[in-house]
Amino acid sequence: MAKIKIKPVGDRVLVKHIEEKEQVRGGIIIPDSAKEKPQEAEVIALGSGKKDDSGKVVPFEVKVGDKVLISKYGGTEVKIDDEKYTLVREDDILGIFA
Amino acid sequence: MAKIKIKPVGDRVLVKHIEEKEQVRGGIIIPDSAKEKPQEAEVIALGSGKKDDSGKVVPFEVKVGDKVLISKYGGTEVKIDDEKYTLVREDDILGIFA
Amino acid sequence: MAKIKIKPVGDRVLVKHIEEKEQVRGGIIIPDSAKEKPQEAEVIALGSGKKDDSGKVVPFEVKVGDKVLISKYGGTEVKIDDEKYTLVREDDILGIFA
Amino acid sequence: MAKIKIKPVGDRVLVKHIEEKEQVRGGIIIPDSAKEKPQEAEVIALGSGKKDDSGKVVPFEVKVGDKVLISKYGGTEVKIDDEKYTLVREDDILGIFA
Amino acid sequence: MAKIKIKPVGDRVLVKHIEEKEQVRGGIIIPDSAKEKPQEAEVIALGSGKKDDSGKVVPFEVKVGDKVLISKYGGTEVKIDDEKYTLVREDDILGIFA
Amino acid sequence: MAKIKIKPVGDRVLVKHIEEKEQVRGGIIIPDSAKEKPQEAEVIALGSGKKDDSGKVVPFEVKVGDKVLISKYGGTEVKIDDEKYTLVREDDILGIFA
Amino acid sequence: MAKIKIKPVGDRVLVKHIEEKEQVRGGIIIPDSAKEKPQEAEVIALGSGKKDDSGKVVPFEVKVGDKVLISKYGGTEVKIDDEKYTLVREDDILGIFA
Numbered sequence: 000m001a002k003i004k005i006k007p008v009g010d011r012v013l014v015k016h017i018e019e020k021e022q023v024r025g026g027i028i029i030p031d032s033a034k035e036k037p038q039e040a041e042v043i044a045l046g047s048g049k050k051d052d053s054g055k056v057v058p059f060e061v062k063v064g065d066k067v068l069i070s071k072y073g074g075t076e077v078k079i080d081d082e083k084y085t086l087v088r089e090d091d092i093l094g095i096f097a
Numbered sequence: 000m001a002k003i004k005i006k007p008v009g010d011r012v013l014v015k016h017i018e019e020k021e022q023v024r025g026g027i028i029i030p031d032s033a034k035e036k037p038q039e040a041e042v043i044a045l046g047s048g049k050k051d052d053s054g055k056v057v058p059f060e061v062k063v064g065d066k067v068l069i070s071k072y073g074g075t076e077v078k079i080d081d082e083k084y085t086l087v088r089e090d091d092i093l094g095i096f097a
Numbered sequence: 000m001a002k003i004k005i006k007p008v009g010d011r012v013l014v015k016h017i018e019e020k021e022q023v024r025g026g027i028i029i030p031d032s033a034k035e036k037p038q039e040a041e042v043i044a045l046g047s048g049k050k051d052d053s054g055k056v057v058p059f060e061v062k063v064g065d066k067v068l069i070s071k072y073g074g075t076e077v078k079i080d081d082e083k084y085t086l087v088r089e090d091d092i093l094g095i096f097a
Numbered sequence: 000m001a002k003i004k005i006k007p008v009g010d011r012v013l014v015k016h017i018e019e020k021e022q023v024r025g026g027i028i029i030p031d032s033a034k035e036k037p038q039e040a041e042v043i044a045l046g047s048g049k050k051d052d053s054g055k056v057v058p059f060e061v062k063v064g065d066k067v068l069i070s071k072y073g074g075t076e077v078k079i080d081d082e083k084y085t086l087v088r089e090d091d092i093l094g095i096f097a
Numbered sequence: 000m001a002k003i004k005i006k007p008v009g010d011r012v013l014v015k016h017i018e019e020k021e022q023v024r025g026g027i028i029i030p031d032s033a034k035e036k037p038q039e040a041e042v043i044a045l046g047s048g049k050k051d052d053s054g055k056v057v058p059f060e061v062k063v064g065d066k067v068l069i070s071k072y073g074g075t076e077v078k079i080d081d082e083k084y085t086l087v088r089e090d091d092i093l094g095i096f097a
Numbered sequence: 000m001a002k003i004k005i006k007p008v009g010d011r012v013l014v015k016h017i018e019e020k021e022q023v024r025g026g027i028i029i030p031d032s033a034k035e036k037p038q039e040a041e042v043i044a045l046g047s048g049k050k051d052d053s054g055k056v057v058p059f060e061v062k063v064g065d066k067v068l069i070s071k072y073g074g075t076e077v078k079i080d081d082e083k084y085t086l087v088r089e090d091d092i093l094g095i096f097a
Numbered sequence: 000m001a002k003i004k005i006k007p008v009g010d011r012v013l014v015k016h017i018e019e020k021e022q023v024r025g026g027i028i029i030p031d032s033a034k035e036k037p038q039e040a041e042v043i044a045l046g047s048g049k050k051d052d053s054g055k056v057v058p059f060e061v062k063v064g065d066k067v068l069i070s071k072y073g074g075t076e077v078k079i080d081d082e083k084y085t086l087v088r089e090d091d092i093l094g095i096f097a
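Protein chains in written order, with numbering that gives the first Met the number 0: chain A, 0 to 97; chain B, 0 to 97; chain C, 0 to 97; chain D, 0 to 97; chain E, 0 to 97; chain F, 0 to 97; chain G, 0 to 97.
Excised from the complex, chain A in its bound form (with noise of 0.2 Å):
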């Protein structure tokens, strides 16, 4: 993997686009219907965490390397190197894939 460009702040979490043909995995597809179609993604980078509030940081649930599936409209979308990456907070993260 060429060394990540950019380090999400806060809450947020670098993920990469799984694309299309590389999402049947173990079945799970997102029915078109779905008024908000989920994205498949990879986790490359964490930002420095979400503080609570008293300041401290509360660690993230997701690691770098998990299969995730995001809500469509939580994100920032950029291109790095021509891949889709979007910079999603954790909380717009649905679930990890086992």
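Since the hints were derived computationally from the structure, they do not count as laboratory data. Don't take every hint at face value.
[What the hints assert, rightly or not] FRET-style restraints, in silico, Cβ to Cβ:
hint, chain 1, residue 1, chain 2, residue 2, range
1, G, Glu82, F, Val56, 34 to 40 Å
2, A, Glu82, B, Arg88, 26 to 32 Å
3, E, Asp51, B, Lys55, 36 to 42 Å
4, C, Arg88, D, Gly48, 17 to 23 Å
5, A, Lys55, E, Gly64, 43 to 49 Å
6, G, Glu82, E, Gly48, 47 to 53 Å
7, F, Gly54, E, Gly64, 21 to 27 Å
8, A, Asp80, F, Glu18, 24 to 30 Å
For each residue, glycine too, the CB sits at the ideal point set by N, CA and C.
Since the structure of chain A is already known, use the hints to place chains B, C, D, E, F and G on it.
Frame of chain A; chains B, C, D, E, F and G shown alone:
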């Protein structure tokens, strides 16, 4: 039950839709007129749980195997091996069937 | 009363609608004009209760058997054995009939 | 006063509308133009009170018998023995007549 | 000053409008163009005060007799003995005339 | 400077608009295209300050005499002796000119 | 670098836009299609920092000189000596280029 392929994140729960024909459990049917037709489902997997202000994890009220009623617009639908699932926050689970 | 088939989750309460003809209890009728025609109902089952910021459960004010007035748009309707029920948060219960 | 038939829940107050003809108390009349024509009323019953963040009950400022001014859109109207009442949260009570 | 007929509740303040002709106090006039033409007024009575998270009363900054500037849409208008008053929350008071 | 005729309340600040011709201070001009054309101004008077959750006053960052940039829609305009002022909350002050 | 003419207030950061031609840093380009085309920029100056609930300053994650990606609609644009800058809250900074 096939091994679960996706673990919910945070306060989310993975639930499997119970189809209409199996739904009439002891007479509970949801009026079509109901402005927000809730959905019957079974709890398949729990996230890591919600954290309160001081970062302490709040235990889930539902458990795997519970039959529940979820509000229609609360979660994100996914299909796994052709079955309909929803990733929904516990706060959008209305009730647990006795 | 048939055994209750659904247990509310969290700060929700299961209430059974009291039909119009039984509603005139000591003269309490709700003006049609009222922009938000509240509904008379009976408390059937309580959830596990709301948690305050420190995670402590806040006791319910209503109890099973109470006759209550709920705001029309607060809950989700379900039908059980052809009777109308609503799953409503306690905060949307307006009053308890004396 | 007939025995009160409904006890407000939480931070709500049951108030009885004071009709227009009785309203001119010491000259207080509400301009029709006022974008939000408040309503004069008498406090009939108090709820159990609002709880602060630590679950402690915050005492009511109004008491039964007070003549008050409520904002028009704050509560829910009910009719009891043909009289107009409103179930209103204390925060929507604007003032107490001296 | 006639005895005040209405005591504000909570963090509200009763203010009496200062009519246009008396308003040019040391040159302070409010541009008609101002999208939100504030209103000059005099503080007549204070509520019991706002409570902070721990239930402690926060002292008022304004006092009876102060000439103040209030934002136009913050409060509720009432007429007392043909004079225009407004019941306004202290947070909607913009400034105190020196 | 004429004696200031209005003292801001709470976390508000009284600022005097710096007219266009005086605005080009060291090259800082605001693009007309900017969706929200900020305004250059001078701090004239400070309120009593914002209170944090425990009621403690949070000191102001700006001081009287500072030249500042305020967001266009944050405050309320007033005219004093034909000069344009704005009563603006400190949070709507974008920056302080060096 | 000319002496900075404006110091951001609070949790804001002054960033200087990096023009399109200089933007292709290690392949990071932002898809035009992206609903919210983020902007590449360089951190020029930091505010005094955000305060947590107890009034303690939360240290910045970014530092002067960092190349960052900001969300398009987060800040307020200003021009200084014909260069485009934005005053943006740190929470609207998506990532820091490695």
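Against the structure, the hints come out as follows:
1. Hint check: glutamate 82 (chain G) to valine 56 (chain F), Cβ distance near 38 Å, so the stated range 34 to 40 Å holds.
2. At roughly 31 Å, the beta-carbon separation of glutamate 82 (chain A) and arginine 88 (chain B) lies within the given 26 to 32 Å, and the hint holds.
3. Taken as a hint, the range 36 to 42 Å is violated for the pair aspartate 51 (chain E) and lysine 55 (chain B), whose Cβ atoms sit roughly 24 Å apart.
4. Range check, arginine 88 (chain C) to glycine 48 (chain D): Cβ separation about 18 Å, and the 17 to 23 Å hint holds.
5. The hint said 43 to 49 Å for the Cβ distance between lysine 55 (chain A) and glycine 64 (chain E), and at roughly 47 Å that hint holds.
6. For glutamate 82 (chain G) and glycine 48 (chain E), the Cβ-Cβ distance of about 50 Å falls inside the hinted range of 47 to 53 Å, so the restraint holds.
7. Between glycine 54 (chain F) and glycine 64 (chain E) the beta carbons are some 25 Å apart, a value that agrees with the proposed interval 21 to 27 Å.
8. Distance hint check: the CB atoms of aspartate 80 (chain A) and glutamate 18 (chain F) are about 50 Å apart, inconsistent with the given range 24 to 30 Å.
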